[in-house]
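> One letter stands for each residue in the lines below.
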Amino acid sequence: MAHVSNTIIEIIYLIATALFILSLKWMSGPSTARRGILAGEVGMALAIGGTLLEHGIIDYRWIAIGLVLGAIIGVPLGMVQMTAVPQRTALSHAFGSCCVTLVGTAEFYLRTPNVPKFMMSVLSMEIILGALTFTGSLMAAGKLQEVLPQRPITYKGQNFVNLGLLAVAIGIAVRLVTHPGETHLFPFMVGIPLVFGVMMIVPIGGADMPTVISLLNSYAGLSAAAMGFVLNSKLLIIAGALDGSSGFILSVIMSKAMNRSFANVLFGAFGQVQTAAAGDTEAKTVRSATAEEAAGILAAANKVVVVPGYGMAVAQAQHKVRELYDSLTKRGVDIKFAIHPVAGRMPGHMNVLLAEADIPYDKLMDMDDANPEFPQTDVALIIGANDVTNPAARTDASSPIYGMPILDVDKARTVMVIKRSMSPGFAGIDNPLYYLDRTLMLFGDAKGFVGDIVRELGGGAHH
Amino acid sequence: MAHVSNTIIEIIYLIATALFILSLKWMSGPSTARRGILAGEVGMALAIGGTLLEHGIIDYRWIAIGLVLGAIIGVPLGMVQMTAVPQRTALSHAFGSCCVTLVGTAEFYLRTPNVPKFMMSVLSMEIILGALTFTGSLMAAGKLQEVLPQRPITYKGQNFVNLGLLAVAIGIAVRLVTHPGETHLFPFMVGIPLVFGVMMIVPIGGADMPTVISLLNSYAGLSAAAMGFVLNSKLLIIAGALDGSSGFILSVIMSKAMNRSFANVLFGAFGQVQTAAAGDTEAKTVRSATAEEAAGILAAANKVVVVPGYGMAVAQAQHKVRELYDSLTKRGVDIKFAIHPVAGRMPGHMNVLLAEADIPYDKLMDMDDANPEFPQTDVALIIGANDVTNPAARTDASSPIYGMPILDVDKARTVMVIKRSMSPGFAGIDNPLYYLDRTLMLFGDAKGFVGDIVRELGGGAHH
Amino acid sequence: MSSEAIINSLFVFMLAGFIGFEVIRRISPLLHTPLMSLTNALDAIAVVGAIALAGEGKSTLATILGTIAVVAAFSNVVGGFLITDRMLRMFKSSRPQKP
Amino acid sequence: MSSEAIINSLFVFMLAGFIGFEVIRRISPLLHTPLMSLTNALDAIAVVGAIALAGEGKSTLATILGTIAVVAAFSNVVGGFLITDRMLRMFKSSRPQKP
Ligand SMILES: NC(=O)c1ccc[n+]([C@@H]2O[C@H](COP(=O)([O-])OP(=O)(O)OC[C@H]3O[C@@H](n4cnc5c(N)ncnc54)[C@H](OP(=O)(O)O)[C@@H]3O)[C@@H](O)[C@H]2O)c1
Ligand SMILES: NC(=O)c1ccc[n+]([C@@H]2O[C@H](COP(=O)([O-])OP(=O)(O)OC[C@H]3O[C@@H](n4cnc5c(N)ncnc54)[C@H](OP(=O)(O)O)[C@@H]3O)[C@@H](O)[C@H]2O)c1
Numbered sequence: 000m001a002h003v004s005n006t007i008i009e010i011i012y013l014i015a016t017a018l019f020i021l022s023l024k025w026m027s028g029p030s031t032a033r034r035g036i037l038a039g040e041v042g043m044a045l046a047i048g049g050t051l052l053e054h055g056i057i058d059y060r061w062i063a064i065g066l067v068l069g070a071i072i073g074v075p076l077g078m079v080q081m082t083a084v085p086q087r088t089a090l091s092h093a094f095g096s097c098c099v100t101l102v103g104t105a106e107f108y109l110r111t112p113n114v115p116k117f118m119m120s121v122l123s124m125e126i127i128l129g130a131l132t133f134t135g136s137l138m139a140a141g142k143l144q145e146v147l148p149q150r151p152i153t154y155k156g157q158n159f160v161n162l163g164l165l166a167v168a169i170g171i172a173v174r175l176v177t178h179p180g181e182t183h184l185f186p187f188m189v190g191i192p193l194v195f196g197v198m199m200i201v202p203i204g205g206a207d208m209p210t211v212i213s214l215l216n217s218y219a220g221l222s223a224a225a226m227g228f229v230l231n232s233k234l235l236i237i238a239g240a241l242d243g244s245s246g247f248i249l250s251v252i253m254s255k256a257m258n259r260s261f262a263n264v265l266f267g268a269f270g271q272v273q274t275a276a277a278g279d280t281e282a283k284t285v286r287s288a289t290a291e292e293a294a295g296i297l298a299a300a301n302k303v304v305v306v307p308g309y310g311m312a313v314a315q316a317q318h319k320v321r322e323l324y325d326s327l328t329k330r331g332v333d334i335k336f337a338i339h340p341v342a343g344r345m346p347g348h349m350n351v352l353l354a355e356a357d358i359p360y361d362k363l364m365d366m367d368d369a370n371p372e373f374p375q376t377d378v379a380l381i382i383g384a385n386d387v388t389n390p391a392a393r394t395d396a397s398s399p400i401y402g403m404p405i406l407d408v409d410k411a412r413t414v415m416v417i418k419r420s421m422s423p424g425f426a427g428i429d430n431p432l433y434y435l436d437r438t439l440m441l442f443g444d445a446k447g448f449v450g451d452i453v454r455e456l457g458g459g460a461h462h
Numbered sequence: 000m001a002h003v004s005n006t007i008i009e010i011i012y013l014i015a016t017a018l019f020i021l022s023l024k025w026m027s028g029p030s031t032a033r034r035g036i037l038a039g040e041v042g043m044a045l046a047i048g049g050t051l052l053e054h055g056i057i058d059y060r061w062i063a064i065g066l067v068l069g070a071i072i073g074v075p076l077g078m079v080q081m082t083a084v085p086q087r088t089a090l091s092h093a094f095g096s097c098c099v100t101l102v103g104t105a106e107f108y109l110r111t112p113n114v115p116k117f118m119m120s121v122l123s124m125e126i127i128l129g130a131l132t133f134t135g136s137l138m139a140a141g142k143l144q145e146v147l148p149q150r151p152i153t154y155k156g157q158n159f160v161n162l163g164l165l166a167v168a169i170g171i172a173v174r175l176v177t178h179p180g181e182t183h184l185f186p187f188m189v190g191i192p193l194v195f196g197v198m199m200i201v202p203i204g205g206a207d208m209p210t211v212i213s214l215l216n217s218y219a220g221l222s223a224a225a226m227g228f229v230l231n232s233k234l235l236i237i238a239g240a241l242d243g244s245s246g247f248i249l250s251v252i253m254s255k256a257m258n259r260s261f262a263n264v265l266f267g268a269f270g271q272v273q274t275a276a277a278g279d280t281e282a283k284t285v286r287s288a289t290a291e292e293a294a295g296i297l298a299a300a301n302k303v304v305v306v307p308g309y310g311m312a313v314a315q316a317q318h319k320v321r322e323l324y325d326s327l328t329k330r331g332v333d334i335k336f337a338i339h340p341v342a343g344r345m346p347g348h349m350n351v352l353l354a355e356a357d358i359p360y361d362k363l364m365d366m367d368d369a370n371p372e373f374p375q376t377d378v379a380l381i382i383g384a385n386d387v388t389n390p391a392a393r394t395d396a397s398s399p400i401y402g403m404p405i406l407d408v409d410k411a412r413t414v415m416v417i418k419r420s421m422s423p424g425f426a427g428i429d430n431p432l433y434y435l436d437r438t439l440m441l442f443g444d445a446k447g448f449v450g451d452i453v454r455e456l457g458g459g460a461h462h
Numbered sequence: 000m001s002s003e004a005i006i007n008s009l010f011v012f013m014l015a016g017f018i019g020f021e022v023i024r025r026i027s028p029l030l031h032t033p034l035m036s037l038t039n040a041l042d043a044i045a046v047v048g049a050i051a052l053a054g055e056g057k058s059t060l061a062t063i064l065g066t067i068a069v070v071a072a073f074s075n076v077v078g079g080f081l082i083t084d085r086m087l088r089m090f091k092s093s094r095p096q097k098p
Numbered sequence: 000m001s002s003e004a005i006i007n008s009l010f011v012f013m014l015a016g017f018i019g020f021e022v023i024r025r026i027s028p029l030l031h032t033p034l035m036s037l038t039n040a041l042d043a044i045a046v047v048g049a050i051a052l053a054g055e056g057k058s059t060l061a062t063i064l065g066t067i068a069v070v071a072a073f074s075n076v077v078g079g080f081l082i083t084d085r086m087l088r089m090f091k092s093s094r095p096q097k098p
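Protein sequences appear in the order of chains Z, H, W and X.
All residue numbers for the first sequence refer to numbering that gives the first Met the number 0, where the first residue is 0 and numbers rise by one.
All residue numbers for the second sequence refer to numbering that gives the first Met the number 0, where the first residue is 0 and numbers rise by one.
All residue numbers for the third sequence refer to numbering that gives the first Met the number 0, where the first residue is 0 and numbers rise by one.
All residue numbers for the fourth sequence refer to numbering that gives the first Met the number 0, where the first residue is 0 and numbers rise by one.
Check each hint, because a few of them may be wrong.
Said to hold, decoys possible - Residues from chain H that keep clear of chain W, each with C-beta distances beyond 12 angstroms, as calculated:
#	residue
1	Tyr12
2	Ile14
3	Ile20
4	Pro148
5	Pro202
What the hints assert, rightly or not - Cut-off 20 angstroms, straight-line C-alpha distance, at most; resulting in silico cross-link-like pairs (EDC-like, lysine to aspartate or glutamate):
#	chain 1	residue 1	chain 2	residue 2
6	H	Lys302	H	Asp333
7	X	Lys91	H	Asp395
8	H	Lys116	X	Asp84
9	W	Lys91	Z	Asp361
10	X	Lys91	H	Asp361
11	X	Lys91	H	Glu291
12	H	Lys116	Z	Glu9
13	W	Lys91	Z	Asp365
14	Z	Lys116	W	Glu3
15	Z	Lys302	Z	Asp407
16	W	Lys91	Z	Glu9
17	Z	Lys410	Z	Asp444
18	W	Lys57	Z	Asp407
19	Z	Lys116	H	Asp409
20	W	Lys91	Z	Asp436
21	W	Lys57	Z	Glu53
22	H	Lys155	H	Glu181
23	W	Lys91	Z	Asp407
24	W	Lys91	Z	Glu53
25	X	Lys91	H	Asp365
26	H	Lys329	H	Asp451
What the hints contain is simulated information worked out from the structure, not anything from laboratory work.
Where is the CB? At the ideal position from N, CA and C, for every residue including glycine.
All chains, please: the whole structure from these sequences, using the hints.
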């Protein structure tokens, strides 16, 4: 009987797994994505339900308490502002890997001293990855939320210390694999990675966090998969593998689009981004314009392409941008949006913000669709974007972002750039785009300036 | 020890499986396809090598004999003419399912009378699917090779008889699941599906075979997967599942492109294609032309699109077509090929033939790329194609192929059709295209006629 | 943990890895942010392991750690699905959306 | 055949099915014919089962059937790879082919 119903539970897990896979398949496009979530939710419900049926379980009180508390914490985590999504993501990685680490620890103390070699190796992997992801993600969240200093903190021999820590942890793991009885070693195998997680993030600038996060994402997936090996749960192995590959692929995409060597990312993106001295800026001259003039040019245009960037996010300007979109559309101007894969601070950042402001997603073009359009574009309106529009990536072999694929805004007839100053963006380098004759700088906060333009347009703009 | 080395063998299988999957991934495009084969070959070598290492094996003589004989038979099967590929494919399905059936039979007699229920059910599935695929594929091969009568043989209550047979076989299987000791029933569980396989193909016209073949392909895959369940071999399960889904997807593609209900295919494509009376043909008039005139028109054209079909295959005309391609290209005419997904008699049939004749594959357009081109095309030269160019599919709701996606050759300025007569194609229906004013019929054998055109072009064609 | 169980797990891991790559690679950049929060929620399936620990009462330590682990993981389940759903609700098309 | 083995097999089958669909669906029609012969060759992996039968000498019947099965399956292996390779050799691009 017990036997049979275990089989039933396994079959429930099988179905849950299939639903998880379908859930990701359906995320492939907006039209099926909602169905995707549903599949994921049903799968999760089945999996949890199945577990609750398991025979080993004798006491449901603690489980109940845990679930209730979890829900209570989860709801606010689900309701955060869209602009807070990056740190929220980091935080949830921390929670996930916390769970994995705790389970791993408990499993060890339950099984020691007789833990088979393979089992002990995956267990160690689970715990080391889990622990460093836990503290690492917390640090990342802290930096993104700016409760921790954004700027990289570096000191001599840092990499040496960090890698040293990791080596020690692995050494202990090896020892435990051969002598699983030496329980006194175990706390170090948990503790040292916890420290390493912190040290690993310390030298990384806040802006680099997104890449780190999705890397931590794949670590979290791997540790979950390792946990699956330990508990011999295919469901966990598969979920972990899916999560791991997702994180991995996203970090590859990011590092490619940021033109950073992938190795550089894989090894925790040590070191900070080089800040080129933007001293020679004063030399060259830029043309700036007022909201009134900008509104006039926009109203006169047939085809406008808006290029949003990190600045729109920090300024929370997306709703004003929506107003701009409306009033220009009303005037019969064809207005579209060009989204660079790493515009903003996380993959798809701009898409979510614009979607939040109810801008239809079929008006959003990705880089490959957008670039052929710029030559026929009257006005390219850049709102708080910088690096992703930097022509130096195409032309100047000495530039740190040389070779990074960018949006060819400089091909448009007129370029207008909304930003607060001449200061550089994430890559910390100057942008020759601003010194072109066809370029107009619109200095000011994205939200405020776009608001002004909208007002100008509202009050029957010129002609 | 034995234990360890079994693990090693399992790991070899793991690698082999990964290579099989990569092999299919790399088949996605011509540039990586060769690598795909290599991966498949290495995987196969590993798998066979691993098996030979297994401890159970005490006597290698029979294995050696089997492998040698297999190789001797395999080589000629690998060297057949490209035009013989359909029947060759059918034959290899027969061989594969023969192997599966034999193994299943042996396994039964080794394990009876104590065969667990689940085991017996998959074993039955393996044998029933295997057996019917075996004879079914042989029949298909015979019809395609034309050693068997091509035309469908039908009689009253045929479907009833066939489904009845299948039902009986399944009934026996059920009985054996509950009473695995009743060995006397077993031969019937093998024999009846063998008969069913024959009966299933009898009523199906030779031209329908390709669809049947890829359906049998997915059956073969399924039975192999079932065998994997019986032998508890993940390698087999995975290979079977891959093969099964491949056959399934191809038959879906075909049935879609042929505008046949997918159910109709799934249930073995029972019943034959309705042959519409093409009696009213004489009524309408057609214009025909000589090779000389055709050559003149082609030489004068800027853009020519060739639409090959089944006729080119039977006439073995691909090499002449290559000559035509060369001489027109030399004259600066832009000549391309439009390939309908179900042109010919198997998926990708035309692509292989044209590739055999060294026509570069980037000159081959699939339907979606080709159709927008026809309006700017001077001459659409149809060589032995018929149904895939039949405008009735767009216009005539009463036509059996109404709704089938076709190549819009009738949008070209001039249409030239090489075929031997006015007789219909696979779908057995008349083709209104032939009665358009812009259409010229070039009556003759594809090979001969194209040859004549080439000669005309060679001998300084008009102007 | 029998060596067969290990092999099984390796096979499953390998296959799941392939699926992960095939599927994720084809998700449109438009949805990369919701994708992150969805995989987050799915990964929180680790909660099943935690539940077992918290419920099987094998040792006080196990129960305590298990319970904390349930809290951590389940908050991800709830939060992850919630925010993914909220994000996707935002994505609207100007054309009537084909299902 | 333990129920656990069954479950494992089911998991593997399910995953492999997903991979099959994802991968095959994306193979260009250009290569559908070689695809057919390749899957053919791969499916002939059934030869491993046949080899075991023919070699383990559990019974005369098993040995005989096994040997025939080896012949049948291995001819597919050889023939399948051979013809697939021949076909793919034919596919040439007019542009220099990028690897
Ligand atoms: N998306 C990802 O996944 C990801 C991950 C990691 C790193 N990155 C990196 O982030 C960068 C993204 O490029 P990006 O062009 O979107 O941003 P960016 O290059 O970082 O430039 C943002 C610009 O916005 C301006 N800005 C800041 N606050 C503003 C406000 N309130 N109002 C108006 N403007 C404001 C800033 O100029 P002022 O200070 O003069 O206003 C700054 O130049 C890339 O270098 C990318 O590699 C992206
Ligand atoms: N590709 C697949 O996977 C597949 C599978 C199953 C069924 N089918 C079906 O097969 C058909 C394929 O369409 P199709 O246009 O390629 O072929 P088709 O519609 O069968 O027409 C072939 C034409 O070629 C002509 N022909 C035959 N021998 C010839 C020769 N020696 N020289 C010159 N012409 C010759 C015939 O006309 P004459 O007799 O007057 O010469 C016939 O009208 C479709 O109906 C499709 O549904 C395809």
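> Confirm or reject each hint.
Verification of the hints:
no. : hint                    : verdict
1   : Tyr12                   : violated, 8 angstroms
2   : Ile14                   : violated, 9 angstroms
3   : Ile20                   : violated, 6 angstroms
4   : Pro148                  : holds, 44 angstroms
5   : Pro202                  : holds, 38 angstroms
6   : Lys302(H) <-> Asp333(H) : holds, 5 angstroms
7   : Lys91(X) <-> Asp395(H)  : violated, 39 angstroms
8   : Lys116(H) <-> Asp84(X)  : violated, 42 angstroms
9   : Lys91(W) <-> Asp361(Z)  : holds, 8 angstroms
10  : Lys91(X) <-> Asp361(H)  : holds, 8 angstroms
11  : Lys91(X) <-> Glu291(H)  : violated, 31 angstroms
12  : Lys116(H) <-> Glu9(Z)   : holds, 18 angstroms
13  : Lys91(W) <-> Asp365(Z)  : holds, 17 angstroms
14  : Lys116(Z) <-> Glu3(W)   : holds, 14 angstroms
15  : Lys302(Z) <-> Asp407(Z) : holds, 15 angstroms
16  : Lys91(W) <-> Glu9(Z)    : violated, 39 angstroms
17  : Lys410(Z) <-> Asp444(Z) : violated, 25 angstroms
18  : Lys57(W) <-> Asp407(Z)  : violated, 62 angstroms
19  : Lys116(Z) <-> Asp409(H) : violated, 72 angstroms
20  : Lys91(W) <-> Asp436(Z)  : violated, 38 angstroms
21  : Lys57(W) <-> Glu53(Z)   : holds, 14 angstroms
22  : Lys155(H) <-> Glu181(H) : violated, 35 angstroms
23  : Lys91(W) <-> Asp407(Z)  : violated, 27 angstroms
24  : Lys91(W) <-> Glu53(Z)   : violated, 42 angstroms
25  : Lys91(X) <-> Asp365(H)  : holds, 17 angstroms
26  : Lys329(H) <-> Asp451(H) : holds, 17 angstroms
Of the numbered hints stated above, those contradicted by the structure are hints 1, 2, 3, 7, 8, 11, 16, 17, 18, 19, 20, 22, 23, 24, listed in ascending order.
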